[in-house]
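Asker: For reference, the chains in residue letters:
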Amino acid sequence: MKSAVILFPGINRENDAIAALEQATGTKPTVVWHGETDLPKVDIIMVPGGFSYGDYLRCGAMAAKSPIMRAVADRAAQGATILGVCNGFQILTEAGLLPGALMRNASLKFICKNTHLRIENTSTRFTNQYGKGDVVDYPVAHHDGNYFADEDTLNRLEGEGRVVLRYCDVNGNVDPATNLNGSQRNIAGIINEAGNVLGMMPHPENAIDPLHGGIDGRGLFKSMVEAVS
Amino acid sequence: MKARVHVTLKNGVLDPQGKAVHHALQGLGFDGVNDVRQGKFIELELDGTDAAKAKAEVTEMCEKLLANTVIEDYTIELA
Numbered sequence: 001m002k003s004a005v006i007l008f009p010g011i012n013r014e015n016d017a018i019a020a021l022e023q024a025t026g027t028k029p030t031v032v033w034h035g036e037t038d039l040p041k042v043d044i045i046m047v048p049g050g051f052s053y054g055d056y057l058r059c060g061a062m063a064a065k066s067p068i069m070r071a072v073a074d075r076a077a078q079g080a081t082i083l084g085v086c087n088g089f090q091i092l093t094e095a096g097l098l099p100g101a102l103m104r105n106a107s108l109k110f111i112c113k114n115t116h117l118r119i120e121n122t123s124t125r126f127t128n129q130y131g132k133g134d135v136v137d138y139p140v141a142h143h144d145g146n147y148f149a150d151e152d153t154l155n156r157l158e159g160e161g162r163v164v165l166r167y168c169d170v171n172g173n174v175d176p177a178t179n180l181n182g183s184q185r186n187i188a189g190i191i192n193e194a195g196n197v198l199g200m201m202p203h204p205e206n207a208i209d210p211l212h213g214g215i216d217g218r219g220l221f222k223s224m225v226e227a228v229s
Numbered sequence: 001m002k003a004r005v006h007v008t009l010k011n012g013v014l015d016p017q018g019k020a021v022h023h024a025l026q027g028l029g030f031d032g033v034n035d036v037r038q039g040k041f042i043e044l045e046l047d048g049t050d051a052a053k054a055k056a057e058v059t060e061m062c063e064k065l066l067a068n069t070v071i072e073d074y075t076i077e078l079a
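Protein chains in written order, with our numbering: chain X, 1 to 229; chain L, 1 to 79.
Just chain X, same shape as in the assembly:
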């Protein structure tokens, strides 16, 4: 099984993405620079976190227009499994591969801590290793993770089972008190209409080793591997 990690200037989580993909697939992913126009033949593409282009203009705005993203959009249309984490989620929304936008956290603070998330849909190619309503513990580290979409879009996402992860407490309660960053309806991760592209603010790649303090993130990578093998 082959995978690729897209690298933009200013990205800083690529090594975590590489480690998680290697652990799950058994093969080191290919790193693809943003200026490339072609992607190798791979099953999984990950757009990692960081601060591409220094977050200039808007988080992810410049990266979304870089040459490699045209190739990523083509692969998305062809059904490749694509995971965008943190800045990667912002890039995928700016590229129009996922609906909505990520705004400044309601608290205006950079939030760096572990958070609980409820798995809302277990039949996606990213969550098939989890049980319905499972609560997982992943780190977050972002300033702009406040998910926004208009009401019609939110209702469509909910109706189609495309809200995959929500911020919650340890017992899975989803309410304003457990809404980490002000996201509409506590949304932490969504998939596209075809179900092959997931964008999420939390970092599953930083919860794959006991030294991270937990291994809840392994399930997400294993799910992708199961789905494409």
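None of these hints come from the bench; they were simulated from the model. Computed from a predicted model, the values in this text were never measured in an experiment. Yeah, the Cβ is synthetic: ideal placement off N, Cα and C, and Gly gets one too. Hints should not be assumed to be uniformly reliable.
[Said to hold, decoys possible] Listed next, the stretches of chain L that the computed footprint assigns to chain X, with coverage defined by at least 3 CB atoms under 8 Å from CB atoms of chain X:
no., segment
1, 10-24
2, 43-50
[Said to hold, decoys possible] Below, in silico cross-link-like pairs of lysine to any residue (SDA-like), each with a Cα-Cα straight-line distance of 25 Å or less:
no., chain 1, residue 1, chain 2, residue 2
3, L, Lys-53, X, Lys-113
4, X, Lys-65, L, Ala-56
5, X, Lys-113, L, Lys-64
Following the hints, complete the assembly by docking chain L onto the known chain X.
Answerer: This is chain L only, laid out in the frame that chain X set:
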């Protein structure tokens, strides 16, 4: 020709930064401020003198990059 682009959050989209600025202004004693919305100002130096063409081109720039029309509105002024 110059184009001046203002990018602001759409009505109905919460603006936490604007709120924080409003709060800070109140702290400084500026009580007469009812609301603050924060945005961006982008100035472009353009080739050519055809205003209609420039407007069309800058509109395309706004749609493609300068604004995120999911959350932002923009206005264009040519000078």
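Asker: Go through the numbered hints given earlier and state which of them the structure violates, listing their numbers in rising order.
Answerer: 2, 3, 5
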